[in-house]
Every structure is written in C-alpha cells, then in structure tokens.
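Read top to bottom, the protein sequences are chains A and B.
The numbering of the first sequence is the working numbering, which starts it at 7 and goes up by one.
The numbering of the second sequence is the working numbering, which starts it at 104 and goes up by one.
Since the hints were made in silico from the structure, they are not lab data.
All C-beta atoms in this analysis are idealised placements derived from N, C-alpha and C, irrespective of residue type, glycine included.
Fair warning: there could be bad hints in the mix.
[Stated by the list, open to error] One side only, chain B facing chain A, incomplete, derived with CB under 10 angstroms:
{"hint": "1", "residue": "T138"}
{"hint": "2", "residue": "S149"}
{"hint": "3", "residue": "D153"}
{"hint": "4", "residue": "A213"}
{"hint": "5", "residue": "R215"}
{"hint": "6", "residue": "T220"}
{"hint": "7", "residue": "V223"}
{"hint": "8", "residue": "L227"}
{"hint": "9", "residue": "S228"}
{"hint": "10", "residue": "V236"}
{"hint": "11", "residue": "S316"}
{"hint": "12", "residue": "A324"}
{"hint": "13", "residue": "I354"}
{"hint": "14", "residue": "C367"}
{"hint": "15", "residue": "K421"}
{"hint": "16", "residue": "T488"}
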Amino acid sequence: MPGKSLIERYTIELPTKGDHVRMNYEEIGLKVGLEIHQQLDTSTKLFCSCKPELFKGEPEFTFLRRLRPTQSELGQIDPAAYFEFQKGVRVLYEADSETSCLVEMDEEPPHPLSIEALEIALTAALMMNAKPVDEIHTMRKTVIDGSNTTGFQRTCVVALNGEIKVGGKRVPIQHVSLEEDAARKTGEEGTLIRYRIDRLGIPLIEIATAPVINTPEEAGEVALAIGKILRATGKVRRGLGTIRQDLNISIAGGALTEIKGVQELELIPLVVEYEVQRQLNLIKISRELGQTGAREEDLQEEFYDVTEVFRETQCKVIRKSLDKGQRVLAVKLPKFSGFLGRELMPGIRLGTEMADRARFWGRVGGIFHTDELPAYGITVQEVSMLKKHVDAGEKDAVVFVVDTLENAKDALRAVLERAREALKGVPEETRAANPDGTTRYMRPRPGAARMYPETDIPPIQVTEQLIRKIFASLPEPPEQKLQRLMKDYRLNQKLASQVMDAGVAELFETIVNESKVSPTTVAVFLTETVKALKREGAPVERLSESIIREMFRAVGSGELAKEALQDAASWLLRNEGRSLKEAIDALGLRTLSMDELEEVIDKAIASNKSLIEKSGGKAFSQIMGIVMREVRGRANADLVSEIIRRKLQKLSF
Amino acid sequence: MSENEELSGYRGLAFEALKKIEAEIGDLICITKGTQTYEGILIPRSEYGDEAHIVIKLRSGYNIGVQITPETRIEKIGKGEKPAFVAPPLPEQKPALPKVAIISTGGTIASRVDYRTGAVRPALSASDLYSVVPELSNIARIDTQILFSLYSENITPAHWSEMAKAVAAQIANGVDGVVIAHGTDTMGYSAAALSFALQNLPVPVVFVGSQRSSDRPSSDAASNLMAAVLAAAQAPFAEVAVAMHETTSDISIAIHRGTRVRKCHTSRRDAFKSINAQPIARVEGDKILMLTENYQKRDSSKKLLLKPSFSEKVAMIKFYPGINPAVIDWYVDEGCRAIVLEGTGLGHVGRRCFESIRRAVDKGVLVAMASQCVWGRVNMNVYDTGRDLQALGVIPLADMMAETAVVKLMWIFGQTSSLEEAKRLLEMNIAGEIADRTLYN
Ligand SMILES: [Zn+2]
Chain A
7 MPGKSLIERY
17 TIELPTKGDH
27 VRMNYEEIGL
37 KVGLEIHQQL
47 DTSTKLFCSC
57 KPELFKGEPE
67 FTFLRRLRPT
77 QSELGQIDPA
87 AYFEFQKGVR
97 VLYEADSETS
107 CLVEMDEEPP
117 HPLSIEALEI
127 ALTAALMMNA
137 KPVDEIHTMR
147 KTVIDGSNTT
157 GFQRTCVVAL
167 NGEIKVGGKR
177 VPIQHVSLEE
187 DAARKTGEEG
197 TLIRYRIDRL
207 GIPLIEIATA
217 PVINTPEEAG
227 EVALAIGKIL
237 RATGKVRRGL
247 GTIRQDLNIS
257 IAGGALTEIK
267 GVQELELIPL
277 VVEYEVQRQL
287 NLIKISRELG
297 QTGAREEDLQ
307 EEFYDVTEVF
317 RETQCKVIRK
327 SLDKGQRVLA
337 VKLPKFSGFL
347 GRELMPGIRL
357 GTEMADRARF
367 WGRVGGIFHT
377 DELPAYGITV
387 QEVSMLKKHV
397 DAGEKDAVVF
407 VVDTLENAKD
417 ALRAVLERAR
427 EALKGVPEET
437 RAANPDGTTR
447 YMRPRPGAAR
457 MYPETDIPPI
467 QVTEQLIRKI
477 FASLPEPPEQ
487 KLQRLMKDYR
497 LNQKLASQVM
507 DAGVAELFET
517 IVNESKVSPT
527 TVAVFLTETV
537 KALKREGAPV
547 ERLSESIIRE
557 MFRAVGSGEL
567 AKEALQDAAS
577 WLLRNEGRSL
587 KEAIDALGLR
597 TLSMDELEEV
607 IDKAIASNKS
617 LIEKSGGKAF
627 SQIMGIVMRE
637 VRGRANADLV
647 SEIIRRKLQK
657 LSF
Chain B
104 MSENEELSGY
114 RGLAFEALKK
124 IEAEIGDLIC
134 ITKGTQTYEG
144 ILIPRSEYGD
154 EAHIVIKLRS
164 GYNIGVQITP
174 ETRIEKIGKG
184 EKPAFVAPPL
194 PEQKPALPKV
204 AIISTGGTIA
214 SRVDYRTGAV
224 RPALSASDLY
234 SVVPELSNIA
244 RIDTQILFSL
254 YSENITPAHW
264 SEMAKAVAAQ
274 IANGVDGVVI
284 AHGTDTMGYS
294 AAALSFALQN
304 LPVPVVFVGS
314 QRSSDRPSSD
324 AASNLMAAVL
334 AAAQAPFAEV
344 AVAMHETTSD
354 ISIAIHRGTR
364 VRKCHTSRRD
374 AFKSINAQPI
384 ARVEGDKILM
394 LTENYQKRDS
404 SKKLLLKPSF
414 SEKVAMIKFY
424 PGINPAVIDW
434 YVDEGCRAIV
444 LEGTGLGHVG
454 RRCFESIRRA
464 VDKGVLVAMA
474 SQCVWGRVNM
484 NVYDTGRDLQ
494 ALGVIPLADM
504 MAETAVVKLM
514 WIFGQTSSLE
524 EAKRLLEMNI
534 AGEIADRTLY
544 N
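Build the full structure now, drawing on both the sequences and the hints.
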C-alpha cells in the first residue's frame, strides 16, 4: 500500500509561511492542473455593449430572483442545487445603468459575441501554439449559485491543444476559452444572497493546462508564464480581481480537489503545499480512526435535544439564540475524540471542515465540538452534562449546534456526512482560496459539466483570413522581449525580468521614449517603488498609467526631481483626485532653480568653513550630506554633487 | 427513424461523410485533419448552419464545429447510448385538492435538457409536469391535454374555436379551472378571443406563458405556471385571464383580464400589462390577492355559453403620415366586413383617407376607431377631424384596445351577418373590454 509507507515516512509538521517543509512531491504523486481566468481589456462586455467596469456606492436599482435547478434528460437534478432551491434561497441583484442593461438582467437575449474579445483570445491562443477551432459554439454551463442571472455561464472554446515551455518542460494547454465573468457577491443574510451584476459579462479568457505540474513551485512558475503571455497581448485588464487562478490538485491515495479563486500569483505554491498537507493529514486521520475502532455504522443519525443543558449558560452565542426560541441539538461521533481538533493546515482543523459543511447545508452560524471545549463561556460542568446527556464515552466526540430545529438537523446531518468521509480519507470537493493560502469548503464537486448549446448566439466560423490577420500582428513573445529590454535599454537581467513580471513593459517603453528619463530610473520606479508603496499599504492600483507618465514627463523637464517620485506618488494615492501640480506644491517638491540651489550650497560651505579648511577635499561628502538633507526631492543629486565639487575646487585654489 | 432524423440538420458534404461511416447523432466519432484529431459525440447541426462543418461535443462538454474537406478522415469509434429517462418518483396525488386541466397549445412551459446532445424536450404529460414542477402536486390534481404544438404567431381564429371547444369539454368534465399554456406573442389575442367565445363561465380559464425558456434555471415558466394553476384552482373569479410576471423580480404574478391585456415588451418577464385597467388579481407565493371587486364570480352552477365561431373578414389598419388610402379600398374589395383603424391621438386619420372611408361605409363595411397611443380613451368630439370621421360613419371604440377590437369584430361576424346587430354588439360591454371610467392607475 504505497499510501501507507508515505504517511509513515513523513512526519507532517504544519509549515508557517517561509518555513516550508521539504517533501518529495514525486513520491507523494502530486498532480496539479491550472485554470487561469483573466479579464480582457475590451471596450464592451462579451454579449452586450455595456461598460466592462465596476461601480462603487449604492446600487441604482435591485431585483429579486430565484433560480430553479433544471432537470436533465435523465431525470436528474444536481442535489446541491436542488437543496439550495428547497431552502428558499433568493438572490437580490444590485445594478446601475452604466454597467448593466437588460442582457445582464436576463431580460433580453444576448447580443452576438464581441469580436474584439474573440481576437484577443485568438491572439493569446496562437501565442500558446494552440489550434483555433474551425467553428466556435457558445455553450451554457449550468451555474446555480446566483452568480449568473441566467443560471448558466456562457462559454466557448476558441482553441485546443496548445503548448508552452516552462523551465524546459512542455506544459500542454488543453483549451483556450472565452467566457463571461460572473456577478460578484456582496453579501448574504440568511437565505438572501446579494450579487452585484456589474462584473457579469466582462470577457474572460480561460487557459486550462493538463495536470502535469508536479511541485508547488512549478505551479507558480507555470501560472507566471501564462500570465506573461496574456499580458504580452497588451489587452488584458490589470488590478486586483482581474486574474483568478483555479487549481486542480491531487495526490496518490488522496482525491481531486478543485480550488477556486486564487487571486495572487505569489500564493499559488503555498496553496498547493497546504492542500498537500491537508490531504496527507486527512489520510493519516483516516488510518488512525480505523485503528481506534471508529466505524461508519456507529455514525448514527441520532440527534439529541440538549437545550436543557444550556438553560443557564454564560455563553453569549447560545444565550442569544435560546432567547430567540432556538434549540441546541447534538450528535455523537463515537471514537472521534481528539480528531476534530487536529489541524489539517494552519488554522483549519477537521472540526473547521465540519463547521463549513454545517454552514453550507444547514445555514447555521457554526458548530461547537467537545475537542475545543470548555471555551466560549461554556463550562466544564456543561460539557460533562452534555456528554452524559448523549451518553458519550471518553473516546467519543460530541458536536452541537444552536439554531431552528430544521437548520440544526440539516447541519448535523452534514457533520455526520463529513465524519463518514473522514473514515475513508479525502473527499472530492470544491474549495475556495482564503487570502492566506489556506482553503475552505465551498460545495461538493459538480458531476460531469452540465453544458448545452446557447442557441441565442450563432456559431462563429474562424476563417483563414482572420487567423492570418491575427498572426500578422502577433505580439513579441515574452522571452524575446526580455532580451530586447536588456539590450535596447541597458537594463540588467533582474530589472528587465521585474519589468516583464510586473507586466509594465509597454508602459516602461512609452515613458522612456517620451520623457527621456534614464531607463533604470523608470524601471526601478515601476517595480521596486510601486512594491514599496504597496507594502506601506498605499492603494497602488489607483495609480493610473496617465499619472505615472505625467510624473515622468515632469522629471524629464526638470519640474520634479527623480528622488521625489516616491513621495509624490504616495501623496497622490493618499489624496485621490488631486493633480500632480498640487502634489508638488503640497510636498514642497518644486525643483529649486539654479540660483536657489547655489544659495543653499554657498550657505552650507560658509557655515562649515573650519571643517573644509581642516580636511580639504575630503569635506565633500559631509557638505554633500548637509545639502542633500535640505534639498532632497527638490534637486537632482548629480547636479548638487557637481556644484559642490566645483565650489570646493574653487576654494582650494 | 428516417435517415434525416439520425443526422438531424446535416446536409451536403458533412451529411455524405457521416452517412458513409453510418454515424448517428450521439455516436462517438473521431475526426482527423492533418496533425489534429478531434474526438467527441456527434451533435445535431442547426438547419441554418452550412454544409461543411460537423459539430461534436468534446469530453470537456464543449461543442466545436470541425470543417470537413475531402482530405478529412472520420471514424465512428463508439455507438451512442440513448439516455434512459428515469422519472423521479411522482408526488402522491392529493384527492382533496381541486382539479385543474392544463391544455397546451405550444411553447414549452416545462422542459428537460438532454445535456448529451443539447436537445431541449418539452414536458407535457401530467407526470412530466409533476416531475419537473413537483410543487404543482400541492396545488391541484392535474389533467393535461395537448391540443396543438404551435408557435403562437401561427395561431389563427380557427385555433381559437378549437381552444374554446376544448375548454368547454374540460368544464363539462367538471374541472375546477382550466390553464392554457400558450406562446407569448399572440397570447393576448387568444385570451381576448376566448373571453368572447366562453360566456357565463363557471370557473376561471387562465392563459400562461414564459418570456425565458423553461430549460434555464432563471426561467419564469415554473412560477407563472404555479400561479396560473393556483388561480385556476382557487381564485374567486370566473373569467378568461392571463398570468405572467408583474415585475422583473420573481415576487408576484399579475392576473390580467383577457380583453385588457397586451404584450408591451419584446423580452422582459413583465411584458404583459393591463391596458386602461388594473389587473384582476395578484398571486404572491400561495396567496391570491384580488385587486378589484368588479369581476364575474366563480359559481359551479353557472351554465357555460359556448360561442366559438369567428370570421376572418376583419382588418386592422394602422394610420401613419403618408399612408396610401388604397389599402382601405383593397380590404373593402376583398370582402372585408369590418375595419379597425388604429388612428393617432384621440382617434384621427388624415383627410387623404376620407374618400376611401366613405366608400367603405357606403359598401356596408363597419369602420371603427381605436388609438395607436395604446393607453387612453378615444374621443372624436374634440377636433374637427374626429367630428368629420364620425359624420362619415366611423364608430369610436372608447377605451377598447385595438387588438381586442379586431378580435371582438371577428367574433361578432362569427355570430351575426347583420351590420346593425354587429354595431350593437360592438358598443356593448361583453367581457370587460369597455368601461365608462378610466382610472388614474
Ligand atoms: Zn449590458
């Protein structure tokens, strides 16, 4: 049993960031496939002429809908979807008239697919050596969580069988698709879910790789390589939320987990590592549960009303619910004691997984379990009364929830189901990425993709002529571009790569050519300075290309010192809507005139006469320091140094 | 099964290539073109597609079209499995519930999707309806009848007669209400027609349709249908009505009077509006809220009067600046018995039409005036043009919708050939189509 030896060989310690456990991923049998979704920078949405933008503030209008799971020809209904429907889930859609029309509201049939978006998708496809299909058929992919007003996402394959090379390895690209982005969730209160439909319909390109990636680092590298190609088209949207990565991860003896919505590229290796950890730990738990004698047939759907136990409780959460007339319902998990508190990845325990399931299926706020008690104001006495009430032994765990009887039952049923899965190992599921690289349960993995033709969109034939046109204007491949940046602008490899990775190569070239500022200065600003600003917590995504260009034009013309770029950018980000000129004035960054500068220098020299007389030419660096402290950001350092040198020289003659 | 059905939609080159390998829709096929091979399930082709492409469904679920050239190699690598439909267990029939007949005339009020080939199949039988919309079993005992399968633009006055007779037969069988599933385009006309053909109704007759096809999760079909069945089973009125979404939200369904309802939007869920009147009722969840006290009461002891004849010798002419009045002459020469003019504003047409109107009236044609404003009442006493038209013999139609007026005249000339009797019936309120008062909202 290969799985067994593995578990024994690796002591699993949970990694903290930066302190990664080395593992032999080949032996673990890690297989990762990527699905990269990137918003395209088009003038309209994919199936209507609305602006592909998001709105802030209050919605102009809202409407309420229910989505009803459709029955398939086989008489089947997706169980998770039907469950949601029966629970009476309603969706409140928020909209404004700039970013949505009747198409997004599902009140008008879609308009023909945007040719602008199609051309970008074909460009990316050809750059990845994929073969465009002869005739594109738009499909409806059933999505019933409310994120699409129709209940399906419109999507089409534009090219197949591509390939990219990453670090010498061939990574097959299974397909390149074009699809509509979904609405974004803005809230959830009980059975009412809120979605904002501004994002719905923004064109997305989807790149799916074969599951050939074998290490976490490689997953990051492949994602980076695909991202570079997409950015090289020059037609993708930038900023937070415009790119989302989905990962399919499996290990030997584990199961296929689909992780949705990793927004930060840097997070990918960590997400993969954590998922491997999680699966290994689950395998280990299932073995140990077997050893302690936990059995599926002992996991009985027997719920105990233990409201009485908590009649006088000091636990605020329970107190509040009991005051509303809700009940406390408990279930016993024989031989599970200690396992619910076991950490699978940082901050995520088996108990957390059960709580996520309970929230999904029971719409409860959470669960309590004996592995974490006494806590939350629940006393030792209450725990022992609880255990007595449900007749739990020392080795048994007890889980309880407080809610309406119906929700509580659904929640505990889901807990039992998760406990049964824990006996077997790793369940197949769809998980959502958290910002720290861990993941949480989202929903069961959907069965075979429920796709059927979108009959409202006529098929599009991809003609020879169109392919030739796109080939003729294919952007420079990223590798070639890197070499050119190094050669033409004398950037070192590190800086050139940073410019490429940050996806600012076009902007970099534009600025250098129009401002005549040194390429290195421009490159450093676009990469390191922006990163530094981001570290300080500045909302750098607000720094528009036009303002950056304006800043460098000011540097080129001498109105702004290059040393003051970071301060100016930082001020502009803190003062949204203000102009560069205002920034320069407010910060006192106006470049000193030659006369003013000479005056400062003369003063510095005059007040340090004795020092200069004592140390002669060596006094230069001290004077330079004094002057720069005063004029930093208002004068070019090279110029200051030149004047000081000249003046000191004069003195010594 | 004929060859054509096995290779639905394929013609020419693609058809020949598929026939050669004896492929049928649903079979697994492999197409080799140069270095590329495509494997997938053979999918029907739209009849508007060209002859050079074969559509397959890839393993990923996506469809693509592959262009066929004489060099393309096609192989059949697997026989398709016909999906075996396993109906979910039927909900139990509750004998205490009212009995409702659902008559379908076309449009698919309920359907299921064959995700394998993309076909959308209508669910028409009672058991189909129960399995797709199981909530119906808590509202009524359902009987279904498939009368036609027509796009509603193909429905004619002859079909109205058939519908009226079918409803009468169901009522004779003792149902507590009738629902008619109908395509939305001409549903308003059919509802008006049955309002005149079915008089002294003992139970409600409720038309229902959907603006979003029933294969999609966001469809309005199921909620409209549930409301229609609820109204048919329980509502206190006994009239012909239309049940459709009241707003863009899935909150309430408006029940409109059959003679007062008009499709006012090409695509929205709330396309149907009551014109110059309030809807009769509103359905929210399992509640029916009556919005007027002025309605015909449900009463099973009432004896239905079936008057199912219609005449097609009625025309509607919309006036516009520059109209050629010869169109009026043409209808008159064709033997038309009545013409509804859809005039401007309060009920006007240009003087250039006067001669032709005079000629029509002289030849015994009934000429009536409705307004193309849609909302509001005609009044032909305010301006000279109106007064002159009345002097020519044109009959103002008060607050009657132009569409309802045409249907009413078709029905009138199905009942009588006397011009005097026709005029009397036209100006008389028969099914709520005319009222003396126009309310603010
Ligand atoms: Zn739009």
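The hints, checked one at a time:
no. : hint : in the structure
1   : T138 : holds, 9 angstroms
2   : S149 : holds, 8 angstroms
3   : D153 : holds, 8 angstroms
4   : A213 : holds, 9 angstroms
5   : R215 : holds, 4 angstroms
6   : T220 : holds, 9 angstroms
7   : V223 : holds, 8 angstroms
8   : L227 : violated, 14 angstroms
9   : S228 : violated, 14 angstroms
10  : V236 : holds, 9 angstroms
11  : S316 : holds, 9 angstroms
12  : A324 : holds, 9 angstroms
13  : I354 : holds, 6 angstroms
14  : C367 : violated, 13 angstroms
15  : K421 : violated, 25 angstroms
16  : T488 : violated, 38 angstroms
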